[in-house]
Amino acid sequence: MSKQKNPRPREPRQAAYGSVITLVCATLVAVILIAVNSASPAASLKAFFAGPWSSPWFSGNTLDSIALLLTASLGIALAFRGGTFNLGGEGQIYIGGLAASALLLSGETFPGWTMLIFAAIAAMAVGGAMGAVSGLLKRRFGANELITTFLLSSALTPAADYLITGPLRDPSGNLLATPRFAADRILPHILPPSSLSVSCIIAAVLVIGGHIFIAGTGPGYRFRIAGAAPEFARYGGIAAERYWTPALFFSGLFHGLAGFFAVAGTYGMGHLGFPGGLGWNAIAVALIARNHPLALFPAALIYGWLKAGSDAALLATGLGFEAASFIQAAVLILATVRFAGFPRLRLRRVRP
Amino acid sequence: GGGGDTGGKSSKEISIAVFVPGVMSGSPIYEMLAEGVRKAGSEEPGAAVTVIEGGFNQAEWEPKLTALAATGSYDLIVSSNPSLPALASSVSVKFPKQKFLLLDGEISGNPMIYTMRYNQREQAYVAGYLAAMVAQEGKTGVGKTSRIGLLAGQEYPAMNTIMLPAYLEAAKAIDPAFEVDFRVVGNWYDAGKGAELASDMIRNKSAVILCVAGGANEGAVQAAAETGAKVIWYDTNGYAVRPGTVVGSAILRQDKAAYEQTRRFLDGTLPFGTAEIVGMKEGYVDFVEDDPNYIAAVSPGIREKQAALLSRLRSGELDLGE
Amino acid sequence: MVELRGIQKYFPANGVHALENADFTLLPGEIHALVGENGAGKSTLMHIMAGFIRPSAGSIYTDGTLVNFPGPAAALACGIGMVRQHPRLVPGFQVWEACILGSAGGAAGIIRKKKMRKMVQEVSDQWGFDLPADQGTDTLTVSQRQKCAILSLLLRNAEYLIFDEPTAVLTPLETERLFDLMGRLRSQGKGIVLISHKLEETLALADRVTVLRKGEVTATLRADTVSSEEISTLMFGTDRETRSDSTADFPAFLPEQPAMVHGENDGEHEQAPLLRVTGLTVEISKRPFIRSIDFEVPRGKIIGIAGVRDSGLETLELALTGFLNPSGGTVEVNGTRTDNKGPRTFRKAGAAYLSADRTGTALAMQLPLWDSLIVHAHRRAEMGLPGHFGIMKRSYLEAWVQHIMNRAQVSRSPRNPAESFSGGMLQRLVLAREFAEPVQLMVLAEPSWGLDTAGRELLITRIKKYAAGGKSVLAFSTDVEELIAMADEILVLRNGEIAARFLLGKQELRGPETDGASSGQGIRELIGQTMVGMGESSSAPEDQNRE
Amino acid sequence: MIAGLLTVAAPLILASLGGLLTELSGTLGVFIEGFMVLGSFFAWIIAGWTGSVFAGCCITAVCAGFVGWLLARFVHKTGANPFIAGLALNLTAGGLTDSLSIAWFGTKGVLRNPDLKIPEPVHIPLIEDIPFIGRLFSGQLPFAYIALAFTLAAALVIGKTRLGLRLKAAGLSPEAAIDQGIYPARYREGAWAAAAFLAALAGAALTFRVGAYAPGGVAGRGWIALAAVYLGFRNAWGCAAASLVFALAERIGFIAQGLHTIPATVLLGLPSALALVLFSVSQGFSARRGGGKKPPRE
Ligand SMILES: Nc1ncnc2c1ncn2[C@@H]1O[C@H](COP(=O)(O)OP(=O)(O)OP(=O)(O)O)[C@@H](O)[C@H]1O
Ligand SMILES: Nc1ncnc2c1ncn2[C@@H]1O[C@H](COP(=O)(O)OP(=O)(O)OP(=O)(O)O)[C@@H](O)[C@H]1O
Ligand SMILES: [Mg+2]
Ligand SMILES: [Mg+2]
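Protein chains in written order, with the numbering used here: chain A, 1 to 352; chain B, 1 to 322; chain C, 1 to 547; chain D, 1 to 298.
These are computed hints drawn from the structure, not numbers from a lab.
Just so you know, these numbers come straight off a predicted model, no measurement behind them.
Label-pair restraints from in silico Cβ distances:
#, chain 1, residue 1, chain 2, residue 2, range
1, A, Gly216, C, Pro91, 28 to 36 Å
2, C, Gly15, A, Ile212, 28 to 36 Å
3, A, Ser55, C, Pro91, 56 to 64 Å
In this text, a Cβ means the ideal position worked out from N, Cα and C, and glycines have one as well.
From just these sequences and the hints, can you work out the full model?
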């Protein structure tokens, strides 16, 4: 009996087939939509698929956006595995990034790298605190975190808008943004002049760490059991409700970190509304990856590629925003379709 | 500044990109921009115009602009926003061969960038002048007040440092007792909020509201129409939006500017490296006073005084500064 | 008449052929027993008949016409309804709502609350169910849940009713009542399927019996012509040695088990009881559920606690094991106070516990079985040291799970979700999991729930062996026979108090009511009577009606 | 302070009723925002074509309901994630309205139609004269009354009919519902259809309140409506009350802007902050009220 060679779970393999089919379908849909919408389909298609990787500069930018997606979606996936849902990611990224910006702009005379570390900690603390508040509200009052994370974000976002357009704004420029950070207070870049910075390495390490935590550690086991089967967890001496706040805290923490990466790595300053939907896209990525940390890599890669691709097509051939949103919608919805479920439908046709 | 170097190009293929920092929907300013450039392009055989939207996220503008320059396929990038010159000059460092034509902003000395800035002080001033007169006259649904409103989509530098002060200054020129109720929608599209905010301003006795809130203006007009208050349109001619309620239109001739400057580029006469500032005197900022709706809605006394102001500005007799 | 012909069922997810060419016929006005060992496919066959799942091949006929059940609604429309082993009721609903939920009639029909409630209550009373129509489904006991499910079928006039192991957790009296109900339904011309592992009583009731073995029907017989031995042979075949107790003990690679030696080498603790309960009282919303209970579980003994519905059995179980904070009294495990400290402390003090709620609590049904099996062991697999960040030792867990699977004699990949295992397999697995824990005190609720006769015998020998090794077992059960078969002492719980103690050591009985010894059968009756309060002359059973 | 509040709240009420139905059926109505966008566009267009606001609203809402049903079916059949499907619909709604606007009117901007007769406030003779109530209930746009009517209808359907009972069952425990011969998917599809219908109506209410179609005018109200579902204790009248609370909070924010003491931009967060506090506190109270009843297990 023990000769059985470490039987692998079936589900992931089916999910993998499903993902491949999904990818093919999504690509097809994207091709069709571009062909229909573009004046010069060939050029658009080329821009769409190859654009994101057409030069070191483009590749760097694409990879950088993928790193941001990875970091934030790790936050979403963790929240989910711990039995909670974080809808406030957008605001956590924003406010975390803002906190980092404030530190990076401060007149302190510490060396640049210390300031970067402080800023990262500040961003994570602020984001984490926002998540933890929702966690505590859930635990203390039973307030649904779906709503509190969202409301907390939307309550604080205008204040952040105010800070960026007011006190923190660069008065010498016309942009609604903070001044550019000093050169030694920007994350080291990997592929200059693109925006790719060391954040991509950190993000990858964190995601792998997240996987090891979930799949290989005791606390991780308790964390995911508390999220997936709270009654059973309690039976096993794991108090499920104790994991809500940490789950949301870490979720907020990773969003804050994504905000830090964005300001200190990607942009070098804090713009008004810089997350620009990153939080929402991270939810999509996490759901595509079915909240499995390692699956975040392909999911973020595909998602980031498609997004960069539609931007590239937009720039190269003036493919409208509308078309881009169609493509994204199509990819999004297809990405979660469970093609692995189709055999079930086929079985039904068996003669009774 | 030079400019003769594009002269020989007119027979070859020329492609122009219009970079819209934002989205086209609900933004007449950008529609006019695209329209002006397209018109110029259509007159030129072999010229192609592509319009590209940059979206609302300002953080993405620079990368997108850079990407646009990086394609190397556009002879000229046209755009319009006060923040663009700074972005363009940083792109210019990486892609020194890219030419820019930027409206509504200012930078000089970069041989690849031509800018043309509008005198928004004048634009806001003529609006405030009329608003104060209409409010003072008291024929609105609000009655006689010394309060006028300004509804903005967002707070931004030009709004806080140029338009709002000029608007107030003009009102105070009518009567020093005037004050301005300044409100912010928070975005450029929430018409429902626009209506609510305008209602509240009207309840607070603002008789006339200057609307600079994009699509959210629609709500403000509706709220004003319901209560008999008045609004002043900004950037485009808005009398037809709601005849009788819209009592003034302080406009920008962005289409004209875009057309003319693109034309100059195509003719090879655009003076890159220079920055022009244009206002009523040059005819790029204006107030529409020949519209029948204006004549019907505003009493002759006020129109006369407004016309006097306008003619002093147009002739350059009155200089408000920038 | 419902006919299943040539039914096959293949589960592609785990590659199991649960049914191969099974035929089954249910006539109106008969009680048809369906028996077979654990995992034989009984539940699967009946799920197909009730439309819960679709067969891979085969056909279903009702009254001679071919039908196709895409879902339970279609089966219900043909008058076929099933009471699951663990009836699933809508949480947060009241009984009457849960009962009329699926009843025929327009979906848009207006519901008049009072009228409906009264109607449900009337039907419930008419069948002798003790089921308040306005009670919340969350607070129902297991037998009440079952009744609720039956009631909803009766309300929609189901002609064919399927019962999946309904008697597994019923007290003798409740079983009697249920059988009586089935008899009445039969006399109304309804067809009934009864799945059960209790062969004797089933044969006594049923008209016909069908035996399933490894997915195939081995025989369909008239119930009065066969004995339970013959049926047993048909069920298990003759190769019964495969089910003998595996003597494999903890593999050598398991670490020394310090957790299990709580006080073992400690001379002074040697004689102290493993569990001591003093003055335990539980009140919920000011209502007493447990009233000042005292008892002890000495080393090497098996103590059974029996009780009927509302006796507080479940409450006591929860309060003992730390899932419920008692309002008074103490619980000591191995000399450590564990009350008010949660389930973890209870376990840490050296006790294991198997809850009665298999599907909801003791297992994570949706997750791979693996996750359920390592719920206790994973803490030992953690390398614990700060430097290791709590990383678990994989090889230890693999071996541990394999060990549990071997002990439970389930040979299927533990990566499959728990819900794809049959009821009896799951029971064996959770039992094996708890028995593998290095502890001295085992608290079991309904230990033989869902086990077939062979499994039951095996369990009893195992428990006895376990106690013989100096460890103790505390078993909660509504099944008196099971307790009599294994326990040294039985406590009978009634109205939240211990109404009687029976010492069974040497087939002799000493209780407060009777001092004389009596025969085995006598004990059973006596305990049964004590449970419902008939043997007692003085205090009449308190009114248990919930307000 | 309360004049016209019901009109302002009407779109929120309608949308949150939709949110309530999907919530009861067991999913989060992410797609409500998208259907509001579609409703605000098509109601305006179709009203323009037919010359009748009523026809515009009806046709739009019914079509939206059908699309909502299709979407639910798609999600159910393919096992797609309902949350993502909702996000996708929201994206599509934005893209579609823009594309069609360009195709039909040559602009992505504001669409006006001076020929269309916009609904006028309705004054109810007797109620108008009651001091507080009169200002709250009279002089509102028809949509306010429609929203109230739908609230009543929803409350009746959910609380008093077998349909409502089954809907709740489908959401609370799909397994238990299946055992009773109820297909939760069907109820979910119905709920999505109804929610799409209501959301489209809510979008229409927004457009006609403004008197023109302004792209982007929905501006996140779909999400606020979802928050209102919880703030309203997952109850139809609660949804209406919560929507009113949101409208009131927003109005308080606007009034505060008029005082010019706190920066206007900061005040834009006030409604959300107020809602957050109210929500947490109310949930806390309800948890305490229901606390004792919790059974030892489950
Ligand atoms: N959903 C499922 N997926 C995969 N396999 C299943 C599923 N349900 C049942 N099986 C398998 O089918 C076989 C028959 O199971 P079934 O539940 O019918 O047994 P049973 O006769 O009811 O046994 P028990 O007496 O233990 O309840 C078992 O091997 C079981 O593991
Ligand atoms: N927290 C609670 N609130 C209200 N009623 C409860 C609560 N807990 C249990 N009950 C009810 O109190 C009664 C006694 O509960 P208990 O679970 O102790 O009975 P039991 O002896 O386990 O019965 P059975 O053996 O039939 O399951 C039951 O009717 C149960 O529904
Ligand atoms: Mg079974
Ligand atoms: Mg019980």
